[in-house]
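Using the hints provided, position chain G relative to the given structure of chain L.
2 protein chains.
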Amino acid sequence: MENINIRFGRRIKELRLMQNVSQEELGFRCQLSKNYVSDVERGRRNVSLKAVEKFALGLKVPVYYLFVWHDEEETVHL
Amino acid sequence: MENINIRFGRRIKELRLMQNVSQEELGFRCQLSKNYVSDVERGRRNVSLKAVEKFALGLKVPVYYLFVWHDEEETVHL
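Just so you know, the protein sequences line up as chains L and G, in that order.
Throughout the first sequence, residue numbering follows the UniProt record's numbering, covering 1 to 78 in sequence.
Throughout the second sequence, residue numbering follows the UniProt record's numbering, covering 1 to 78 in sequence.
Bound-form chain L, shown alone (with noise of 0.2 angstroms):
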C-alpha cells in the first residue's frame, strides 16, 4: 500500500484541480502558504488532523472525502 502522504496529497491535486484553482488561491482558502500546499501535493508532509480540516474547508467537502482513493471507492458501504 502507497504512503499515506503521497495518497492524501494526490487526492489534495485532484479535487483542486476539478475546481479549477491555484495552489495559491486553495492555500489561501486553507490559511496555508502556497508552498505548505505544492509539498503536501507532493507528499513531503506528514499532514496534521487539523491541517486535513482546513483543507476539507478550503475545498468545501467533508473531511471523509479527502480520503476517498479510486482504489477504495467500491467499498463503501454506510
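Hints are not guaranteed to be accurate.
As the list claims (entries may be wrong) - Across the chosen pairs, the derived CB separations fall in these ranges:
#, chain 1, residue 1, chain 2, residue 2, range
1, G, N35, L, H70, 34 to 40 angstroms
2, G, E25, L, H70, 44 to 50 angstroms
3, G, N20, L, S33, 42 to 48 angstroms
Calculated directly from the structure, the hints in this document are not laboratory data.
Note that the coordinates shown come from a computational prediction; the quantities given were computed from them, not determined experimentally.
Every residue gets a Cβ at the ideal spot worked out from N, C-alpha and C, and that includes glycine.
Relative to the frame of chain L, chain G by itself:
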C-alpha cells in the same frame, strides 16, 4: 463545528468498542502506546496521517471510514 481531534477520537473509541477491543489491545495492533490511544480518544492529540493510517490498519477499516461521523452519514454520495 467541533474540533476535528475530538471527533476523530470519538470515532476511534466507537470503532474500538464495536470490536470489543481494549485500548491496550488496539495500541498493540497499531504499534502505538496505550497512553497515546487514550489521549487520541480524548481528542488531546493533533494526530498525523501516519498515525491515522496505523489506526485504520489496527481497526481493519479503510482510512476514510475513520472520518465518517454520524452528522455526515446522510451526505455520502460517491
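Results for each hint:
1. The given range of 34 to 40 angstroms is respected by N35 of chain G and H70 of chain L, whose C-beta atoms sit roughly 36 angstroms from each other.
2. In this structure, E25 of chain G and H70 of chain L break the distance hint of 44 to 50 angstroms, their C-beta atoms being roughly 32 angstroms apart.
3. Remark: the range hint 42 to 48 angstroms for N20 of chain G to S33 of chain L is upheld by a beta-carbon distance near 44 angstroms.
Of the numbered hints stated above, the single one contradicted by the structure is hint 2.
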